[in-house]
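J.: Listed here are the chains, written in short residue letters.
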Amino acid sequence: MTSETASGADPAPLAGSSRGVRARLERAVPFLPGSLLLVFLFLIPMAIMLVYSLWRTNTDFNIVAEWNLNNYARFFNQPTYLRTFAKTLLMGTAVTVAGIALALPFTYFLVRYVSRGVQRAVLLAVIVPFWTSYLLRVYAWQAILGEKGALNQFLMGIGLIKEPTTLLAYNDLGVFVVLVYVYFPFAALALYAALDKFDFTQLNAAQDLGARPDQAFRHILVPQIRAGLITACIFVFIPILGEFLTPTLVGGAQGSLIANLVVNFFKQSQVPEGAALAIVIAAFVTVVLIVFRRHLRVEDVVARG
Amino acid sequence: MAKRISALETMPVSPLARQTRAVLAILAGAILVFLYLPIAFLILFSFEEADNPGFPITGLTTHWYEVMLSDSSIQKALLNSIEVAVAVAILATVIGTTAAFALVRGGSRFAGTGRLLFTLPIMIPGVLIGIGLLIFVRRALNLQLGLHTVVAGHLVFTTSFVVLIVAARLQGFDRRLEWAAADLGASARQTLRYIVLPLIAPAIIAGALLSVTLSIDEFVITFFTIGPQTTLPLYIYTQIKFGVTPEVNALATVMLFVTLAVFGLGSLLLSSGRRFRRRASE
Amino acid sequence: MTDPMRDYSRRRFLQLMGAAGAAVGLGGIAAACSTPASSAAAPTSAATAAGSAAAASPTAAAPTGTFNWMTWGDHSYPAQLDAIAQTAGIQTNQTLFSDNIEAFTKLKEVGGQLDMVSGDALWIPHYFKNNLIEAFDLAQLAVSKQLYSIAQSFPIWTSPEGYLGYPFGWSPIQVYYDPAKVSPEPDSWEVLLDPKYKKRVVTEDQAVEVMAYMGKLTGSKNSYSMTPEEVATAKEALIRFKPNVLRLSNQATDTIAALKSGEAWIATGNLGTETRVKDQGGPELKVFTPKEGTIGWMDSEMIVKGGANENLIKPYLELANQAEYIAANFMLNRRPLFNEAAYKILVNQGQQELADRFLYNKPETVLTMDLKGPGTSTQAAVDAFNEVFGA
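Chains as they are written, first to last, in numbering that gives the first Met the number 0: chain Y, 0 to 304; chain D, 0 to 281; chain E, 0 to 390.
So that you can see chain Y by itself, here it is in the shape it has in the complex:
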C-alpha cells in the first residue's frame, strides 16, 4: 500500500500531463495517514491540554473550568522560570554542538573509510545500548562520575589526581557529559543518513582544483548535508528541553533544567499549571523553529537551484 501511495506522490515532473482531479487526489493520499495521525493523536489531545492550561486545579485535585491566565503568568512573573529556561537553552546548545562535533567525524569516517557491512554493524552498535533502560544507564554514569566512582579511581590510579574530585558529578558538567552520551546516537543517525548519499569524489575534485581540505569541507560538504545537520540539531536540542531525569540524577541540587520544574507540577497532578509551562516552552521553540525554517528553506532552494 505504501509503495502505491508513495508512487502516487511522485508524479514524473517531466511528464506534466496528468494535472487533473485524479492527480490531485493521488497527491493527497500520502498526506492522509500522517495527517490523521497528527490530528487525532496529537492536535486534538493538545487542544484539550491547551484548554486545561487556562483552567485551574482546586485543592481537591480536580480541574475546575475557571478561565484564567495565572498559570501563564507564573512563567513570566517568577524569574526562576526564565533563568532556568535560559540555562536550559544554553545547556541544549552546548550539548548539540558537542554532539555534532563528535558525530560528524564519526559518521564521516564510517561512510568514507569503512565497508557497508561494517557501517551497518557500527551504527547498530551505536544504537543497541539504547534499547536498555535509560535509568539504568544513568545509574551506571553515577557509578562512573561520582566522588567514589570509577573515573576518580582511575585518575588516582594513574596518579593524575591525589584526592577524588567532586567536579565530575552533581553539577552541570556531569549533566553535560551524560546528555552528550544520551543524544549522540540521534546525531549520528541523522548525519549518517545525510552523508551516505554524499559523493566524496567531489571533495577530491575540489582539492584537485586547488581548494584546501577545510575549504572543500566547508563549501562542498557542509551545504550538501545541511538538511542532515539541521535534523541532527533538532534531534539533540529539542529533547533536552524535556530532560528531567539526567539533571536530577547526575546534576544534583544545582543541575535542574526547565523540565524538572514543569514535571514537579505534573507529579503533583497540578495539570493545568504544568500544562501552561510546557506550552509556553513549546511555543517559544515553535517560534524559533518558524524563523529558523524560513531561513532554512530559502537557503535550501538556493543550494538546490
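These aren't lab readings, by the way, just hints derived from the structure by calculation.
Here's a subset of chain D near chain E, in silico, CB distances under 8 Å, partners left out:
#, residue
1, PHE222
2, GLN228
3, TYR236
4, ILE239
Beta carbons are placed, not taken as given, at the ideal position from N, Cα and C, and that holds for glycine.
Assemble the complex: chain Y is given as a structure, and chains D and E must be docked to it using the hints.
T.: What follows is chains D and E alone, placed relative to chain Y:
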C-alpha cells in the same frame, strides 16, 4: 571493529589522507568506548550480590539471572514492551515514510508547515501528550485502554522522527536519477522500487531503529495510555519506594546480547546470501 | 518457567538474609497453625485453604478469571501471583505506578476498566469522596482477622458504608546518617540544614514531600496543608537546605547508592534504608525519627466502583493477604505490614529482632505521623520548591 579499513577504498592515498584516516579511526574507537563504558558497568552490576546496583561491589553472583528467569511478571512486561516496540516501528516507518514523501514531493506550499507540525510532538513533553490522549480516548471516543493505545501514544512522536530523517534524505536527492529511469522506460512503481527505495533505505532503517529505541524505554506516555498491563519501563520507573534491583540489570544484559546476536546473525546471513547470489550471477 | 513458590522465596530469603536454613516452607506450616479459626469461619473457606502454599485445586463454585489491578511493585511478588493463579484460578493484570496522584488521575478516566487500586493514607477517603471506590465490610473477609486490631478500624478509612480499603503496609520517613561523619548525634530535621554537611545530603525528588519535611522542621501543623505563612517559612528553610543537597533521588536505589559509596552522609528515606546499605557493604548508619515528628505512608487495596471483575477481588484479597505471603513479602521488601499473624510467623522463624527493628510490632506509630494525602497547599509547595531548586 570500526578500524577495519574497507577494501572499497580506491582513492589515491596521500600521507595527509592516511593521517586523517588514522585520527578519525582513533576518534571513532574512542566514541564507541564512551558509548559502551556505562554498558560495561550496567552489566557488571547485574552480577552484584547485594540488591542495589552500584559501587562498591560486594560480591559476584548469577543469582539475579535466576531470579529474572523465574519472574513471570517481569517477563510479561518485557513481552509487552517488545510487542509495542515492533508495532510502533512498523507503523511509524510506513506512515512516516509516506508522509516524508508527501512533504518533500507534494508541493512546497505545506512543506514548511507540515514539517513544523511533525516537529512539534518531539518537543512537547510526553506528559502533555499522555494526559491529552487519555482524556481524548476515554471521554470523546470512549475506547478501552490497552497496548493498542500505547502504540498510538508512541506513534505520535516516533513517526515525527521517521518523517524528519526520511525527509532529510529525500531533500536534495538527485531527482535526475528518477527522471533518467523514467526516460529509460521504467514505470513509476519500478522507479520507486529500484531507484528511490534503495537510495532512501538507510534513512528508513535509521527511522525504524530509532522508533524501537524510543518506544522500548518510554515511560510517561505509556503510563497514561496503557490499560491493565505493564511494560518494562513501567516496571523499572515505578520501583520508587524500594528501588530497582540488579534483576533489571540482568534483564538488560540479556536483552543487549540477544539483540546483538540476532542482528549479528541477521547481517551475517544477509551478507553471505548476497555474496552467494553475486557469485551465482557471475 | 515458574518455580514453586517455596523454592523461589527461599532463594530470595537466603539472598536477602544470609540466614542459612530459614525456609519459607516452615512459614507455611506456621501460618496454617496461626489461622485455624479464620479458615473455619470463612465464607470462602476453600479460598483460605488455597492460600497456603501447599493448597489443592480450586473449588468449582469459586469465581475464576483475570482482574485488573493498579498498584505498586511491592504489593505482591511473582511466585505469590503464580501460586494463586494455579490454585484458585485467579490471575492478575497489573499496571504499576509511582505516585498516588498518578493512579488517582488515571482511575478518574478509566473507572471500571480497573478492578482494584492501591493507595495511601488520606488518598483512600479522597478516592471514596470522588465516588471511585466501594466501601466494604472488612469483617466479611476472614483473612482480616489476621490484621492488627488497630488496622481494622482506622478512623480515616472508616465510613458509614463500610471500610474503604484492605490495609497492607506502612512506613515513616526517617533520617539516616553516618555517625562517623555526623556529630553530635542529631535528633531533629534541623540537621539537614547544618552548613557542615554541604553537598552531603540526599533527599527525594518530590517537591511536596521535601516541603513537608521543611514544614515539620518549622513547626507547621499539617505539612500537606500549610497556610501561606507556613509555606513561606518552610521555603526559607528550603533555601538553607539547598546547598547541602548532593542530589535529589529518583528511586530508593539512588539514596542507597549514595550512602553506600560514602558520598552522602545524611539521607531521608523509608524504613530499612540503613539495613540495606549495610547489607551491601556500605557504612554502618544510624537512624532517628525527628523529634518534631515525621510524615509517612500507609497503604491499602481499594475496590474500584463498577469494576468489571469485581467478583474476583474479595476472593483474591482473601488469598493474597494470608500471613505466610505477607511474611515472605516482609522479607523481600522490609517494611512493616498490618498483618499480625505474619508477624507471629516472623517471630517463629527467628526474625523477631529484624521485624521489631522495622517497627512491625508497633502499628500504632502510624497515628503519630503526618499521613500522605491530598493537601490544600500542594500548588504553593511546588511553587516554592521550584523557586528554590530552579536556576
